[in-house]
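Heads up: the sequence shown runs through residues 142 to 224, numbered per this note's numbering.
Please keep in mind that the hints were generated in silico from the structure rather than gathered at the bench.
One thing to keep in mind: the hints can contain errors.
Here are the computed distance ranges between Cβ atoms for each label pair [unchecked claim]:
1) GLN200 with LEU167: 12 to 20 Å
2) ARG190 with GLY212: 24 to 32 Å
3) GLY157 with MET208: 28 to 36 Å
4) ALA210 with GLU154: 26 to 34 Å
5) ARG190 with GLU154: 26 to 34 Å
6) ASP166 with GLY204: 17 to 25 Å
Calculated pairs, EDC-like style, for lysine to aspartate or glutamate (alpha carbon to alpha carbon, straight line, at most 16 Å) [claimed, not checked]:
7) LYS175 with GLU189
8) LYS175 with GLU214
9) LYS180 with GLU214
10) LYS175 with GLU206
Just so you know, even glycine gets a beta-carbon here, dropped at the ideal spot from N, CA and C.
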Amino acid sequence: MTLSILVFASLREQLGRGQISLAIDLPCDVATLKQGLAKQYPVIATAERNGALLVAVNQQMAGDEAMVAVGDEVALFPPVTGG
(Lines of atoms letter the chains of each structure in order from A and count residues from 1; the text may use other names and numbers.)
(Lines give C-alpha, C1' and ligand atoms only; values in the text may rest on other atoms or scores of the structure.)
Protein backbone atom coordinates (compact mmCIF):
# COMPACT_ATOMS: atom_id res chain seq x y z
CA MET A 1 0.00 0.00 0.00
CA THR A 2 1.13 3.57 -0.57
CA LEU A 3 0.97 5.80 2.48
CA SER A 4 0.83 9.59 2.11
CA ILE A 5 2.79 11.45 4.77
CA LEU A 6 2.55 15.16 5.61
CA VAL A 7 5.86 17.00 6.05
CA PHE A 8 6.30 20.30 7.91
CA ALA A 9 8.79 23.07 8.70
CA SER A 10 12.41 22.67 7.61
CA LEU A 11 11.81 19.10 6.40
CA ARG A 12 9.21 20.46 4.01
CA GLU A 13 11.63 23.10 2.78
CA GLN A 14 14.43 20.57 2.25
CA LEU A 15 12.16 18.13 0.41
CA GLY A 16 10.51 20.88 -1.62
CA ARG A 17 7.00 19.62 -0.92
CA GLY A 18 4.53 19.19 1.89
CA GLN A 19 3.56 15.60 1.23
CA ILE A 20 5.55 12.49 0.40
CA SER A 21 4.56 8.90 -0.15
CA LEU A 22 5.97 5.54 0.82
CA ALA A 23 5.04 2.06 -0.37
CA ILE A 24 4.81 0.01 2.84
CA ASP A 25 2.85 -2.88 4.27
CA LEU A 26 0.33 -1.71 6.87
CA PRO A 27 -0.11 -2.02 9.74
CA CYS A 28 3.47 -1.32 10.81
CA ASP A 29 5.18 0.42 13.67
CA VAL A 30 6.67 3.90 13.45
CA ALA A 31 10.22 2.50 13.61
CA THR A 32 9.58 0.47 10.44
CA LEU A 33 7.99 3.49 8.79
CA LYS A 34 11.03 5.65 9.56
CA GLN A 35 13.38 2.99 8.20
CA GLY A 36 11.46 2.88 4.92
CA LEU A 37 11.40 6.67 4.68
CA ALA A 38 15.14 6.92 5.41
CA LYS A 39 15.91 4.56 2.51
CA GLN A 40 13.86 6.62 0.07
CA TYR A 41 14.52 10.15 1.34
CA PRO A 42 18.11 11.01 2.42
CA VAL A 43 16.91 14.21 4.15
CA ILE A 44 14.78 12.14 6.47
CA ALA A 45 17.66 9.73 7.15
CA THR A 46 19.82 12.69 8.18
CA ALA A 47 17.10 14.15 10.40
CA GLU A 48 16.61 10.79 12.11
CA ARG A 49 20.35 10.35 12.72
CA ASN A 50 20.51 13.85 14.21
CA GLY A 51 17.52 13.28 16.48
CA ALA A 52 15.59 15.93 14.56
CA LEU A 53 12.60 13.88 13.42
CA LEU A 54 9.26 13.75 15.21
CA VAL A 55 6.31 11.68 14.05
CA ALA A 56 2.63 12.21 14.73
CA VAL A 57 -0.05 9.63 13.97
CA ASN A 58 -3.58 10.99 13.86
CA GLN A 59 -2.33 14.27 15.36
CA GLN A 60 -0.79 12.56 18.40
CA MET A 61 2.94 12.34 19.04
CA ALA A 62 4.06 8.79 18.31
CA GLY A 63 7.06 6.82 19.52
CA ASP A 64 8.79 4.09 17.56
CA GLU A 65 6.47 1.42 18.96
CA ALA A 66 3.24 3.18 17.90
CA MET A 67 1.31 1.49 15.13
CA VAL A 68 0.31 2.99 11.79
CA ALA A 69 -2.75 1.50 10.09
CA VAL A 70 -4.59 2.03 6.83
CA GLY A 71 -6.34 5.40 6.90
CA ASP A 72 -4.13 6.96 9.58
CA GLU A 73 -2.79 10.48 9.13
CA VAL A 74 0.99 10.54 9.52
CA ALA A 75 3.03 13.73 9.81
CA LEU A 76 6.77 14.39 10.10
CA PHE A 77 8.37 17.47 11.53
CA PRO A 78 11.54 18.59 13.31
CA PRO A 79 11.47 19.52 17.00
CA VAL A 80 10.50 23.15 17.45
CA THR A 81 11.15 25.55 20.27
CA GLY A 82 9.38 28.70 21.27
CA GLY A 83 10.55 31.84 22.86
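Ascending list of hint numbers which this structure does not respect: 5, 9
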